[in-house]
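Enquirer: So the chains spell out like this:
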Amino acid sequence: MNQHLGDDAELYALGSLESEERDAVDAHLAVCAECSQRVGAAEETVARLASVVPHIEPSPELGTRIRAAAATLRSESSSLKRFVVSSSGMRRSAKHVAREQARRALLPVWAAVAASLVLIVALGAALVQSGRLKDQLQADDLALVHVVYGHFQHAPLTRRIPSALAAAKVLYANDGSWLYVVVDRPAGDLHLVERVQGTDRDAGTLARRGSVATLFVRAAGRPAAISLRAAGNIVASAQLTYRQ
Amino acid sequence: MSAEPLAAAFIARRPEAFEQVYTRNAVELVSVARYILGDAAAAEDCVHDALLRVWRTPQSYRPERGSLRAFLIACVRNEALSQRRSVARRQERERKVTEGAPLEFVDEPMLDRSDAERVRAALGQLPVEQRLTIELAYYGGRTQREIAAQLGVPLGTIKSRAALALKKLGQLGDAEDK
Ligand SMILES: [Zn+2]
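If you read the protein sequences in the order shown, they are chains A and B. First residue of the first sequence? That's 1 in the numbering used here, and the numbers climb one at a time after it. First residue of the second sequence? That's 245 in the numbering used here, and the numbers climb one at a time after it.
Read the hints as simulated data drawn from the structure, not as lab findings. Hints may contain errors.
[To be verified] Here are a few chain B residues that face chain A, going by a calculated C-beta distance under 8 Å:
| no. | residue |
| --- | --- |
| 1 | Leu250 |
| 2 | Glu260 |
| 3 | Gln264 |
| 4 | Arg268 |
| 5 | Ala284 |
| 6 | His292 |
| 7 | Arg306 |
| 8 | Glu308 |
| 9 | Arg313 |
| 10 | Arg321 |
| 11 | Asn322 |
| 12 | Arg386 |
| 13 | Lys411 |
These numbers were taken from a predicted model, which means no experiment stands behind them. Positions of the beta carbon are idealized from the N, C-alpha and C atoms, including for glycine.
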């Protein structure tokens, strides 16, 4: 038997090892009861972390599909024995890998958006607690943290010069403490101007990222209106209303 | 059937055991997968694949490893994480700008509110750097290598920090169970 797992037991349970490291752990677990126990304890802790995950009901079809597949597998059990003996547990059949690859190709783009959002939420939780990591967050990440943790409204901007941008929206905090402007396909550089208590104030230039431009602003008060300007001209604007 | 004989019956591939294991754990497993994949249909596919893989090789679960439930959650998480990572890598390669994807935030019930409170309290007792590492690994689904790169901290440091944090969380949970 080679070396015991050490910290890899916990990292394995967390699911945060690279795939080649996982394979090594699987191989060791197949022959080591002591490490199986350590991994098991870590998996219990990880299972407890699952309690903060939002709950959804599976569809009845899932039950039907799984039962049918399980019954099929069972009737094939004699031919499966070989597979079981040769496997350390988590290895995949070629057919299975092919099916997985086919399905991965179909996953919607926004699964990745959700993924990055989850990361940002995780970062945000620590950020809210420590305040130390602000520099590591890009403005857009900061905006999303506020979207996740805060209460906000949103409004479309009305275009005054249609060629200047395709569409724009503002998300803004109910208490007026921040706002986040997103512009689809701006024709050039855009400035954000906010109107607070009758006074216009330049809030900065939108940053371009791909075909989208964004700006996150911490507002001093509750802006009553915002406008986007290109070379001094108003190209789009919105009135902001507040609930309380 | 209580949890332990059920696990034994499951290893013996008794159909009624499979049925019970599914019925008992389906909500939790699908919820865990959906949290990682962000999509209910993909989550169900993931649970389907993970459960059948376990059913195919029930020996991969050894009783000394702990509860069958925790083992199944781990299997489903791994399945979901590896799917998500491969999607993320593809996105990275393509550098696609996401178009018109509406972000929806819906208030949904947690799996278990009292447990959720305890988990939050336990996380809150960790030093900030340990907590962040655990959150990036668990809720962010990042590998140790990715976390090290993201935080600019050596890989070895991140690994021991994450392992230590998880062990502490385990102890905090045990203390509260008593
Ligand atoms: Zn060992």
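Enquirer: State for each hint whether it applies.
Expert: Here is what the structure says about each hint:
no.	hint	verdict
1	Leu250	15 Å, violated
2	Glu260	11 Å, violated
3	Gln264	12 Å, violated
4	Arg268	12 Å, violated
5	Ala284	6 Å, holds
6	His292	6 Å, holds
7	Arg306	5 Å, holds
8	Glu308	5 Å, holds
9	Arg313	6 Å, holds
10	Arg321	5 Å, holds
11	Asn322	5 Å, holds
12	Arg386	6 Å, holds
13	Lys411	6 Å, holds
In summary, the structure is inconsistent with hints 1, 2, 3 and 4 from the numbered list given earlier, while agreeing with the others.
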